[in-house]
Amino acid sequence: MTNNLYTKSKTIFILILLLVVSKFAFTQNDSLKVKVSGTIGISYEGYRLSTNPETPAFYTARRPNDLVRILFQPTISIGNFKLPFNFSFSPMRNNFGSPPFGFGNIPGFPKQTFKQWITNPMNNLGMNPSYKWIEIPLGTQYIKYSELSTGDVGAFGYGLNLTPGKFRFRFFNGINQQAYEPFVDLPSNTSFVGAYKRTLTMAQIGLEKAGKYFTGFNIVRGVDDSTSIVSPLTGNPATPKPQENFIVSFVTNFKSEKGWYGQTEIGTTIATRDIMVNAVNPLLKNFNPFITTNLSSFRDHALMATFGKKGKNFDLGFSTKWLGAGYYSMGYPFVQNDRLDYTLNTRFNAWENKINVVASIGQRIGNFSDTANHTSQLIANANVFAQFSEHFSVNANYNNFGFQTSGLLGMRNVGHDLGLNPTYTWYNTSMSNLLSLTYNWSKYDETAYNNMNVTTNNSQTAMLMYVPSFFSKPNFSTDASIMFYQNTTNPGSIKLSIWTYSLSAGQNFPKQKLNIKTQLQYNVTTVNVFTPSKNVMLILGADWNLAKRLSWNTSLSMNLFKYGDELTPPAVLLGARYFENMLKTALVYRFGN
Amino acid sequence: MNKLSIYTLIIFTLISVNVIAQVNLNINISYPAPSYLNDWTYGKSGMATLVLNQSDGQLMKIKFQTQLQNTNGTVIASSDNANAAVYSVRSGANVFTLDKLLQQENLRFADGNVMRSIQTSGKLPAGNYQLCIQVLGSVAGSTRVIEMLKVPVCRPFTQANFQLPYLLFPVDKTWLDAATAKSVITFRWSSIVPRTKEYVTYRLQVFEVKADQRPMQALRSNMPVLSVDVLNTQYIWRPQLNFNEAEGTVFIWTIQTIDMKGNPITTSDGYNLGWSEPRVFGVCNKPKNTQGEEACGSGRKLE
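One line per chain: the protein sequences are A and B, in this order.
Per our numbering, the first sequence starts with residue 1, numbered consecutively.
Per our numbering, the second sequence starts with residue 1001, numbered consecutively.
By construction, these hints were calculated from the structure, which means they are not laboratory data.
Given the structure is predicted, the values throughout are model-derived calculations rather than measurements.
It is possible that part of the hints are untrue.
What the hints assert, rightly or not - FRET-style restraints, in silico, Cβ to Cβ:
id: 1; chain 1: B; residue 1: T1074; chain 2: A; residue 2: N286; range: 31 to 39 Å
id: 2; chain 1: B; residue 1: E1303; chain 2: A; residue 2: I516; range: 26 to 34 Å
id: 3; chain 1: A; residue 1: T234; chain 2: B; residue 2: S1091; range: 21 to 29 Å
id: 4; chain 1: A; residue 1: F254; chain 2: B; residue 2: L1231; range: 43 to 51 Å
id: 5; chain 1: B; residue 1: D1172; chain 2: A; residue 2: Q512; range: 38 to 46 Å
id: 6; chain 1: B; residue 1: T1097; chain 2: A; residue 2: T60; range: 35 to 43 Å
id: 7; chain 1: B; residue 1: E1303; chain 2: A; residue 2: Y158; range: 19 to 27 Å
id: 8; chain 1: A; residue 1: T55; chain 2: B; residue 2: M1260; range: 45 to 53 Å
To be verified - Derived DSSO-like pairs (lysine-lysine); straight-line CA-CA distance at most 27 Å:
id: 9; chain 1: B; residue 1: K1173; chain 2: A; residue 2: K255
id: 10; chain 1: A; residue 1: K354; chain 2: B; residue 2: K1301
id: 11; chain 1: A; residue 1: K511; chain 2: B; residue 2: K1100
id: 12; chain 1: A; residue 1: K309; chain 2: B; residue 2: K1301
id: 13; chain 1: A; residue 1: K285; chain 2: B; residue 2: K1100
id: 14; chain 1: A; residue 1: K111; chain 2: A; residue 2: K35
id: 15; chain 1: A; residue 1: K111; chain 2: B; residue 2: K1210
id: 16; chain 1: A; residue 1: K584; chain 2: B; residue 2: K1173
id: 17; chain 1: A; residue 1: K513; chain 2: B; residue 2: K1286
id: 18; chain 1: A; residue 1: K517; chain 2: B; residue 2: K1044
id: 19; chain 1: B; residue 1: K1100; chain 2: A; residue 2: K321
id: 20; chain 1: A; residue 1: K562; chain 2: A; residue 2: K495
id: 21; chain 1: A; residue 1: K517; chain 2: B; residue 2: K1301
Claimed, not checked - From the structure, some residues in chain B lie toward chain A, with a derived Cβ separation under 10 Å:
id: 22; residue: G1043
id: 23; residue: G1046
id: 24; residue: R1108
id: 25; residue: F1109
id: 26; residue: A1218
id: 27; residue: E1245
id: 28; residue: S1298
id: 29; residue: R1300
Every residue, glycine too, gets a C-beta built ideally from N, C-alpha and C.
Full structure from sequences and hints, please.
Rendered as structure tokens:
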């Protein structure tokens, strides 16, 4: 049944494709002037780390040694026909948040195949040819239909978007994750559990008047191919079972000329945790032809709504979102379910637009389906900017979040952050000056993991920055700052203090079309009674317009960090130091004017 | 009753008594029990061992009679004996995964809330339960079914439906000021709920989002610029990075929650591996008052 559905989908797709091609054939009298816009380029990032001593290890590399990325993002236009390319790719493989989860660099791990490379999230290989109201998304696409359906993950495949008049139809079918066989490295005793090939198929049908309203249905189906890996691991750790997910949602939104806006969506999902299970689910029927359930299937719902009014000097909005305990979307694989959020937000200007206020307050209730074990989180923040005069302005902000649960195993994570930033400018006939002071106070209480004691963190940050500008040297810029940060953790009165001194300078050479920047930063960090660690960082940068459309941007940052005695014992780490440097360079050509 | 019938009855009675006396069922359920009932099929969830000591060595047909109870003994669900799966067991130790004892496909629910929870989430509501098992057996060639344990074996278990940490600070889609962020960025997140008896490790991971990348693309593919294991819910990061990019520097961060044995906490997606819903923040070296949805100067926006 499912195969029939695919066959039909493919047939419909091919028919529409033929229709599009024939449409082009009959419209060759349109303007044939070829226009090219967009960019192409190549970038390189080189990272090197050396530590002294080399053993025992006390600092690990945080970037790959070499990373090359190639950008090919031109848009070719011929009349109403547009062909935008979105190619950005790299021969390297890291994959930390997707299979193989960073294990790809284990010696002996099989090199990625071509299929794995083109579907690797590191690479974008997409193009979206369009003609008037017809668009054909091909290759890598990040398609977001709505908040509850899909999605923030990419897929590699093919699709079709039709937007004639008010009618909207979108379809896409692509591989979200390529198959990987499990790999066990005996010397290091590490296991990569493997992954099944995952395909996402999605469609949207609706009505829209651009900038006014949209209403429509979304359907998303994701399924793992249970035959895509030969030898799944069954012990501990085990290969995750092949899954299936189906979502249908109804979404509607509107905007009025008077500034009113609203959006609602209601969705239902059916998820199967293991499609290999043969037993029938007595509690959940099949939803053929979309999904056949089994004993590992469950179904739940979700709802979101936003409503408000935007004005020139005043905004007010309310939003809420509820996700059931079993609500799950392969298009948003990390979203936390079983929760209810609601937020009230506002923005307004006052005092002849000299004061700008942005604020919001809201609550999140977690474990919503379990009334005895609700979690409650208050989120409140406000930002006030006031321009008192031509010379003097103040920015103030306040954040509060309180997360707590009751009961014996209850906990508490409550934070308050208050920031104040007055800025004063003055000038004379030869120069202008800017003096900026930033002060932040923060208090954070957390329940310790192993008992009911509350740990309190108090931190303060104070920074003073001075920025002079010389009228006789308009192409020269500089600034200097000094910052102090201290965090005290109680009980124990554990202190972390950091002093930072920073000096920046930049020079623009208009004739040579060259802009050079440099920054020197020196940090002294003290942890408790240990002798201070010292760190100096030098950043050099140059942006050079080699030609009208060709630019070359390069930056080099060097960081030398020398520990005090905080790593001892062992004694060999007394005064341990590391040196890391990073070179970034990119050559970019821009088409068009 | 003739002598033959009397002898036959005596022999059957002795056989029955002998069988009852020589069956032992040991059930081991992990703490906490797997969130999803479907996961009871995995060996790491626990195992049951049925020890049969039978001198004639014949195969014996058995069924499990299952009751799911509250801690106060109230029956939540019980299995339908007529539809229970039949297993052949030999003399000696016979090992079963827990799904064979639970018989999810064959349970008849007496509690609407529990049934609704399984229907909508595949999980039992959080709480304390006990699994009570009686073994029903019959000797080969006989249709007579007998209870092979004097009393059902009951094992209490705890169902804890974990919610992964929620990322609190930096607030989602906010720009931090480069002048202070170049020295210190503080990360905070909520604890895993409910709090576990054993400690968990929070692996804080921060990924830089390149200019031509989407945040989720960066998380799925890039090497983290910070990966550190933390026991509490705050980490003070000294980034030592170049924040002079004119268009701003963007990061996506998450927490991976790992239990005492080093296994990620299970969630809906098998490939999620205990990662919390990620959040995005940026570092902007432009003048103050850059709001979250706004671009850093004329540069990047936080999406």
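Verification of the hints:
1. B/T1074 with A/N286: 31 to 39 Å: holds, 32 Å
2. B/E1303 with A/I516: 26 to 34 Å: holds, 32 Å
3. A/T234 with B/S1091: 21 to 29 Å: Once the Cβ atoms are compared, 27 Å apart, the range 21 to 29 Å for B/S1091 and A/T234 holds.
4. A/F254 with B/L1231: 43 to 51 Å: holds, 48 Å
5. B/D1172 with A/Q512: 38 to 46 Å: About 42 Å separates the Cβ atoms of B/D1172 and A/Q512, which means 38 to 46 Å holds.
6. B/T1097 with A/T60: 35 to 43 Å: Since B/T1097 and A/T60 have Cβ atoms about 39 Å apart, the given range 35 to 43 Å holds.
7. B/E1303 with A/Y158: 19 to 27 Å: holds, 25 Å
8. A/T55 with B/M1260: 45 to 53 Å: violated, 28 Å
9. B/K1173 with A/K255: holds, 24 Å
10. A/K354 with B/K1301: holds, 25 Å
11. A/K511 with B/K1100: The hint is violated at about 80 Å.
12. A/K309 with B/K1301: holds, 23 Å
13. A/K285 with B/K1100: holds, 22 Å
14. A/K111 with A/K35: Roughly 40 Å between the alpha carbons, so the hint for A/K111 and A/K35 is violated.
15. A/K111 with B/K1210: Status holds; Cα separation ~24 Å.
16. A/K584 with B/K1173: Given pair A/K584, B/K1173 holds - Cα atoms ~25 Å apart, limit 27 Å.
17. A/K513 with B/K1286: Since the Cα atoms of A/K513 and B/K1286 sit roughly 22 Å apart, the hinted pair holds (cutoff 27 Å).
18. A/K517 with B/K1044: Answer violated: A/K517 to B/K1044 is near 57 Å, above 27 Å.
19. B/K1100 with A/K321: violated, 39 Å
20. A/K562 with A/K495: The hint holds at about 19 Å.
21. A/K517 with B/K1301: Measuring from Cα to Cα gives roughly 23 Å; hence the hint holds.
22. G1043: The hint holds - B/G1043 has a Cβ within 10 Å of chain A, the shortest such distance being about 7 Å.
23. G1046: Violated. Min distance 12 Å.
24. R1108: Because about 9 Å separates B/R1108 from the closest Cβ in chain A, which is inside the 10 Å limit, the hint holds.
25. F1109: holds, 8 Å
26. A1218: holds, 8 Å
27. E1245: For B/E1245, the interface hint holds, since the closest Cβ of chain A sits about 8 Å away, which is under 10 Å.
28. S1298: violated, 15 Å
29. R1300: violated, 15 Å
The earlier numbered hints that this structure contradicts are 8, 11, 14, 18, 19, 23, 28, 29.
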